Amino acid sequence: MRKTWLRDYIIKRLFYAVIIAWGVLTITFILVRVGPTSPADKYLANLAARGEEPSQVIEAIEARYGIDKPIHEQYFDYMGNLVRGDWGWSFSTSMPVIELIKKHWIYSFQLILLSTILAAIVGILIGIYSAVKQYSKTDYIATFFSFIGISIPNFWLGVMLILLFAVQFGLFKTYYDTSVPLFSLANLKQLILPVVTLGTAMMAGYTRYTRSAMLDNLRKDFVRTARAKGLPERTVIGKHVFRNAVLPLVTIIMFDLGSIVFGGAYLTEIIFGIPGLGRISFNAIFADDYAVVVAVTLISAFLVLLINLATDIAYAYLDPRIRYD
Amino acid sequence: MTKKRLNKLVGRVGGIKNLVLTPLASLWLLTLLLDIFTPGKIFSPLGYLYIAIGIVVLIYVVWPLYKSRRLVNYYWQRVKKNKLAVVGLGFILFLILLALLGPLFTADPTAVNFEEKNIPPVGFSVEESVYHAETGQFITKTASGTWGHPLGTDNKGRDLLAMLVSGAGVSLQVGLLATGIAVALGTLIGVVSAYLGGKVDNILMRFTDIMMTFPFFLLLVFIVFIFGPSLAFIVLVIGLTGWTGTARLIRSETLSLRTREFILAAKALGASDGRIVLAHLVPNVISLIVVIATLSIPGVILAEAALSFIGLGDPSVTSWGMILRAGQQSLDVTWWVAVVPGVMLFLTVLAFNFVGDGLRDAFDPRSNV
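If you're matching them up, the sequences are chains W and A in order. With numbering that gives the first Met the number 0 applied, the first sequence has no gaps in its numbers, which climb one by one up to 324 at the end. With numbering that gives the first Met the number 0 applied, the second sequence has no gaps in its numbers, which climb one by one up to 368 at the end.
If you're looking for bench data, these hints aren't it; they were derived computationally from the structure. Check the hints yourself; a few may be wrong.
Have a look at the derived ranges for each label pair, beta carbon to beta carbon [stated by the list, open to error]:
(1) W:101 / A:310: 23 to 33 angstroms
(2) W:29 / A:146: 47 to 57 angstroms
(3) W:224 / A:254: 31 to 41 angstroms
(4) W:230 / A:342: 44 to 54 angstroms
(5) W:133 / A:80: 15 to 25 angstroms
These numbers were taken from a predicted model, which means no experiment stands behind them. Think of the CB as a built atom: it goes at the ideal place given N, C-alpha and C, for glycine as much as any other residue.
Whenever a hint applies, use it, and build me the whole structure from the sequences.
Right, dumping it as structure tokens:
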């Protein structure tokens, strides 16, 4: 009974995911088409700026972008190309966009992964501690700092960290050094400031959430029962309260990835010069390199979509109470 | 007979105020769109936004509040107990006064003066090496803050205080106007979706899902990159993309209201859908709307600041993000230019968060998040 229900649920979610993916592609297409300048115009301007003769390449560009075709054909071409893995040509770096992304995604990935994991671990630990020791001095300090952490603009925090630790104390370089191998201590060291920049707001949020969820669950009847039957406090907190409090946090962390973390990582990469997807999109914006900006926007949207889908399906497996309406 | 007809029409759109409001709003939207996409402007687009949002606030916030003064007083007593919320409210009022009256007392924030560049704030002094033309050598000179420029100047000699005052205006405008648009849109979509249900609900919610799939800031960057930055356009884009969270929250709140007795009673009395939505459902979620609006302002202000910070802001206005950008570019010389606007941003965000939390606690004593 539940098994067939689960299968139906997953099929339904997959179906929705396809609709959303289609919507994302369509909205992006419309925005680019409605925009005041066409990609070809910007391409031409770029060529002219480099002293090349535009008229020779006009036909090639029109054929490349399919500008001369009717709009619905352009729309299907655009979809088809993306699905086939042809994400366009980045003229500012002179390579296919897909190659550019393959070269740079790892820098964003390491930043986001490290920040999220650290923020979750530290946030949850502090949250548990201040819930268990409610109204203690530590609790007040943790609450105070989590409020500050939530309100501090992350790009300003980044600039201040550079000012303090790189410019004043000279402990770090002001810029991310790409010649450092990825899997080395030196790389971890130069990621400290970016990870703090990106992770602070997340950590503060998780602290606040964990604290209030723990407090909610501490008052529940099953906790009283667990204590009444003489379980040690460690088991009550660790098993009964923590498990119930932390499961919803997974959704929050996953949701944050799309709403806060990608935007935050974009800014963090720009501030510290980390050559991730945010940075290449940023460079592309000021080089008027359309294809790259479109690709980064689409990839981030698809990642959010996949993460949400995975979370929903995992939840349906884990939590028997979940029903889809 | 005409009176009967008019009454019927009024009833259909949900009361006399909506009869006035709807054409007004459509007219405004039309002129606004015309204004944004034509070079010769009749009236600043932000001016239109102010007027429109002013009217909406007057009809949906000020008038109902005035009608139920006792309730307002009751809630105010409860908000007052929350010291942080009162402090936050004080700071917001200070900011509004700063933005309105500050420009009368400060210099032109865009006036460049290389004679007076790199002056630190009052109480600070910095050493800088200056090229001495006669001897042809660099000499070390100590510059200290003067009361002529209380917060110092940047590397182009622009007065930081004047820039800050200008930025306060920009941030408040963007924060209030874009939040106004986003919350109004989110409320409308949420309430309609929950009330009508079925296919409409399904379509609207799938659309919300699609919009939510784009990471907010990346979508913002994308749109501003394509259409170009102007303050009015940035406000509009934030408003038109930032409604998704509100729509979801309002929808779930409305779903629980939909089957309540007073809605059923209104239906039994023959009220139209428009009237039920605007006269019964919206007023009942207004406390939630106020909390959501207050708590979304910081995100909106930060989004605009971040756009300006990466160089995608309106180049014709001095905003906090732009000052911060200038400060970051000469961090080793004029650190104060990076510190001061960030502090203001931080305090503003903190103030709105405090007020929002205070309001939520006052409206709903059960929640302790």
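Structure-based check of each hint:
{"no.": "1", "hint": "W:101 / A:310: 23 to 33 angstroms", "result": "holds (27 angstroms)"}
{"no.": "2", "hint": "W:29 / A:146: 47 to 57 angstroms", "result": "holds (55 angstroms)"}
{"no.": "3", "hint": "W:224 / A:254: 31 to 41 angstroms", "result": "holds (33 angstroms)"}
{"no.": "4", "hint": "W:230 / A:342: 44 to 54 angstroms", "result": "holds (49 angstroms)"}
{"no.": "5", "hint": "W:133 / A:80: 15 to 25 angstroms", "result": "holds (20 angstroms)"}
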